[in-house]
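Can you build the whole structure from these sequences, using the hints too?
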Amino acid sequence: MRVKSLALLWMAPLGFLALFYFYPLGSILQLSFARSAGGAAGALLEALRSVAVREALWFTLWQAALSTLLTLLVGLPGAYLLARYQFRGKSWLMALASVPFVLPTPVVAAAFHALLGPRGWANQLLMSLLQLETPPIAFVNSLAAILAAHVFYNTTIVLRVVGDFWSRLDPRLWQAAQALGASRRQRFLRLTLPLLAPAIAAASLLVFIFDFTSFGVILLLGGPRFATLEVAIYQQATGLFNLPLAAALSLIQLVCTLSLTVIYSRLSARLSRPLSLRPRTYTQQRLRTWRTRLAAGLLAGALLVFFTLPLAALALRSVTSIEARSRLDRPAAPGLTLDYYRELGVNRRGSLFYVTPATAIAISLGYAAATVLLALALGLPVAWALARGGDAPLNRWLDPLLLLPLGTSAVTLGLGFIVALDRPPLDLRASPLLPPLAHTLVAFPFVVRSLAPALRSVRPRLRQAAAVLGASPWQALRRIELPIIGRALLVGAAFAFSISMGEFGATAVIARPEYPTIPIAIYRLLSLPGSLNYGQAMALSAILMAVTAGSILAIDRLRTGEGDEF
Amino acid sequence: MLQQRFFTRPKKGAGGGEDHTAQMGNHPGLQIVDIHKSFGSKLALAGVSLQVLPGEILAVLGPSGCGKSTLLHIIAGLETPERGRVLWDGVDLAGTPAHQRGFGLMFQDYALFPHMNVFQNVAFGLQMAGLPPAETQARVAETLALVNLPEMAQRDVNTLSGGEQQRVALGRALAPRPRLLMLDEPLGALDRALRERLLLELLAILRRLQQTAIYVTHDQEEAFSLADRVAVMQAGRIVQSGAPQDIYLHPATPFVARFLGMGNLIEGRVNTPGQVETALGALPLPGAQPGTGLVLLRPDAAELVAADAPLRAGRFRLQGELRACSFRGRTWQAEVVTRGVALRFELPAAGQVCAAGQPVTLEIDPVQALQWYPGAVSPESADLA
Chain A
-1 MRVKSLALLW MAPLGFLALF YFYPLGSILQ LSFARSAGGA AGALLEALRS VAVREALWFT
59 LWQAALSTLL TLLVGLPGAY LLARYQFRGK SWLMALASVP FVLPTPVVAA AFHALLGPRG
119 WANQLLMSLL QLETPPIAFV NSLAAILAAH VFYNTTIVLR VVGDFWSRLD PRLWQAAQAL
179 GASRRQRFLR LTLPLLAPAI AAASLLVFIF DFTSFGVILL LGGPRFATLE VAIYQQATGL
239 FNLPLAAALS LIQLVCTLSL TVIYSRLSAR LSRPLSLRPR TYTQQRLRTW RTRLAAGLLA
299 GALLVFFTLP LAALALRSVT SIEARSRLDR PAAPGLTLDY YRELGVNRRG SLFYVTPATA
359 IAISLGYAAA TVLLALALGL PVAWALARGG DAPLNRWLDP LLLLPLGTSA VTLGLGFIVA
419 LDRPPLDLRA SPLLPPLAHT LVAFPFVVRS LAPALRSVRP RLRQAAAVLG ASPWQALRRI
479 ELPIIGRALL VGAAFAFSIS MGEFGATAVI ARPEYPTIPI AIYRLLSLPG SLNYGQAMAL
539 SAILMAVTAG SILAIDRLRT GEGDEF
Chain B
1114 MLQQRFFTRP KKGAGGGEDH TAQMGNHPGL QIVDIHKSFG SKLALAGVSL QVLPGEILAV
1174 LGPSGCGKST LLHIIAGLET PERGRVLWDG VDLAGTPAHQ RGFGLMFQDY ALFPHMNVFQ
1234 NVAFGLQMAG LPPAETQARV AETLALVNLP EMAQRDVNTL SGGEQQRVAL GRALAPRPRL
1294 LMLDEPLGAL DRALRERLLL ELLAILRRLQ QTAIYVTHDQ EEAFSLADRV AVMQAGRIVQ
1354 SGAPQDIYLH PATPFVARFL GMGNLIEGRV NTPGQVETAL GALPLPGAQP GTGLVLLRPD
1414 AAELVAADAP LRAGRFRLQG ELRACSFRGR TWQAEVVTRG VALRFELPAA GQVCAAGQPV
1474 TLEIDPVQAL QWYPGAVSPE SADLA
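Taken in sequence, the protein lines are chains A and B. Numbering follows my numbering, in which position 311 of the first sequence is assigned residue number 309; successive positions increment by one, without gaps. If you want my numbering, it's the 1-based position in the second sequence plus 1113.
Any given hint could be a false lead.
As the list claims (entries may be wrong) - Partial list, derived from the structure: chain B residues whose beta carbon lies under 8 Å from chain A:
| # | residue |
| --- | --- |
| 1 | 1189 |
| 2 | 1212 |
| 3 | 1216 |
| 4 | 1217 |
| 5 | 1220 |
| 6 | 1242 |
| 7 | 1438 |
Unchecked claim - Covered by chain B, per the in silico footprint, the following chain A stretches (three or more residues, Cβ under 8 Å):
| # | region |
| --- | --- |
| 8 | 164 to 176 |
| 9 | 454 to 460 |
In case anyone wonders, no lab produced these hints; they're calculated from the structure. We put the CB at the ideal spot given by N, CA and C, even for glycine.
So this is what it looks like as structure tokens:
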């Protein structure tokens, strides 16, 4: 492919990035620098001098470190089990473990509310058993809730990254070490740990990045006492309207996340270096003795319960009313009910400004549709350029740019929109188009990554093979090329759709109050009193859970084996 | 390793080009005449002619880049030649597009359809032919059994091993029962052990179906063990074609000799008829006429003898030093330096001990061992490029 046509393909997507990523980011920088006389460093130092900022930064760091440590503690035994043993139901365990990862934070927050919150199953059960007036477990709005949610989210990263690497390490290395006289402990210290170190480091760093930029979990489960940088930016920008301070905080956040991301990509590049990796069938054994069976069964069972219990609690809670005892609420018959779902479309307050959850669903669907269209329209030319241009210098330079929005925290993206797009030439502040634009920034790399391999696999070779087998040019197009590209388009669309449906951080900053999305509506409902609001939050979360899990399932089914580039 | 098969075919001498003189007429099977093709300034095929009789397996043997694949693509109708004709049973196929030729082509990288499972891949050609579903089902099952992939119909092709993918590709090409099957380095992507096993299976399948086939490869062992006839290609031309044993025994050019692993090519000059002067000394060469050229000294036609043993009639001897020696089972692979010239020989291993550094005497029968290429220049011109 010629450089000229490559450049042409890159033009629109780059224009989009320039307008909606670099320009907003530049505006944040400008705003935070404008505040201080000392330039870049001055702005940072000034921000760091404030106690609130230092506290936020410190909390962000230690909660992320603690969460990462806990995630490793839960994930590493699981990674060992998945890496070294072959057993029935293993693929199910893997699939279930990855479900939380794709769920929007409000859904996970609602799930923990449903399990351990004041109106959750555990508390309600204990209250009715022990005849208590108040919920005995104070889980929500505690550090424990934050940590639990983080572990719930990110354990799959450890399972995947470390487990996958572990599963392909040659077991003969351990046999060789044993033959050389190494004890079990020595083998672990001298062989297992050093060999796994890069994988563990990469997984930890990735988990740390996610925990560092955690927003929804902190806001919805941590309550007002806890604020990470991300939450602090949000509060400064939307609650206190202190945009300059928000910008300075964003700057700190940007520096941290971008450098963490750079270190991560270095680390994960080291992982792909071949290290006498073996096919999995060779490295895995069955569970033979009853002792390994018991241990594996207990571990797998514990993981299974951990991954499914909150989600099951959410699904069940959304169709159960169990609060007939409460005096404040409208009395409802205990037992199964679809009331919460029915109420989604009712404006019980009769307020002109109240937006029903059903409207939020409609808005979310509209935004998601716009995101799908935009992300596909921008992603297709880039995927084409990557597939056809191969290793051309232009591709090599521009491809990493696409990933930048992923390395930027969601709230920062949102803040950038507010700071930059509120004045001519681009005054989109009042425009309901803002959220889909932000969602597209996040969805865009995923769309490109699902389209490019498919486009690459539509080689002229396949056309020729079809022709030799008797397919006319039209039949070859219909049976070979269109289905391959069509599937990839569906995969890309499903990614864009589920990302848009679940996006919370950026949307929370930029969504106009009269246009809430489902995650925003869940957030609002969860922070309102009353069992009906609570039930509606459950119902709305259950719907969003079904939608996101459904699209991820569809992506998994539709993706043709080789195209896995994530 | 060399499998000898005796098929009904006209005995042809060494040297290519006999197909040039073939008359156009009602020849059964495939006939291609004087095909030319170039890509930009690069000439891919420069006048290729050949013929494949029904039921015959022709191997096209040559180094990579010699135009083998292009030839297959032209026969399949995927590329158009600049000159020349492709005929089947005497009918020119120039106006027939690839999908109406009824030929099968198995690609080197298999080109399996990634969005279809094994069944759908194999069924594709049958569906294109408009076979009713029930019959398609039966034929796919039959084909999968033939290529030894039973129970694999519903597997995703992306999860198959290299050997399994190869079988699916073969099954897909065979299922529509093509009148001509072309295989483009079908075993090239596989490791050695698997290759040898699949080669035998492939041969059995082609024989059982009496499949007319063209088999393209750069591996002489594959070509020799599979084909009724071998055509050796070099830089867009067929330089020799004939039965495997004829080609092996009488490589038509220094290039063919070198490509078949016979590297002992020495420059020589014939001054008196019947004798050639070389760096090794004067060698008897019955029938050679004055001029310069290259002498091929076959590596498998030398014998190790004691220095004081009497010389047998008609033979000559070379004295030299054993530089290196490696054991190959029935033979020693030996490098012998004679008068500054390094030669390679395969010496019978029976009853011999081979040790590097010792002086040796080799006795050679010139009729079996020597081949004279008059006019050929330095051995480097026989490069395998």
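Hints versus structure:
Because the beta carbon of residue 1189 (chain B) sits about 5 Å from the nearest beta carbon in chain A, less than 8 Å, this interface hint is met. For residue 1212 (chain B), the interface hint holds, since its Cβ comes within 8 Å of a Cβ in chain A; the closest pair sits about 5 Å apart. A hinted interface residue such as residue 1216 (chain B) counts as satisfied when its beta carbon comes closer than 8 Å to some beta carbon of chain A; here the least separation is about 7 Å, so the hint holds. The interface hint given for residue 1217 (chain B) is met, as the beta carbon of that residue sits about 6 Å from the closest beta carbon of chain A, less than 8 Å.
For the restraint placing residue 1220 (chain B) at the interface with chain A, the shortest Cβ-Cβ distance is roughly 6 Å, inside the 8 Å limit, so the hint holds. With 8 Å as the threshold, the beta carbon of residue 1242 (chain B) comes within range of chain A, its nearest partner Cβ sitting at about 6 Å, so the hint holds. Among the interface hints, the one on residue 1438 (chain B) is violated; its C-beta lies about 34 Å from the nearest C-beta in chain A, farther than the 8 Å criterion. Judged by the Cβ-Cβ criterion of 8 Å, the region 164 to 176 of chain A is not covered by chain B as claimed, because only 0 of its residues qualify and three are needed.
Under a criterion of three residues with beta carbons nearer than 8 Å to beta carbons of chain B, the stated coverage of the region 454 to 460 of chain A is upheld, 4 such residues being counted.
In terms of the numbered hints stated before, the structure departs from hints 7 and 8, listed from lowest to highest.
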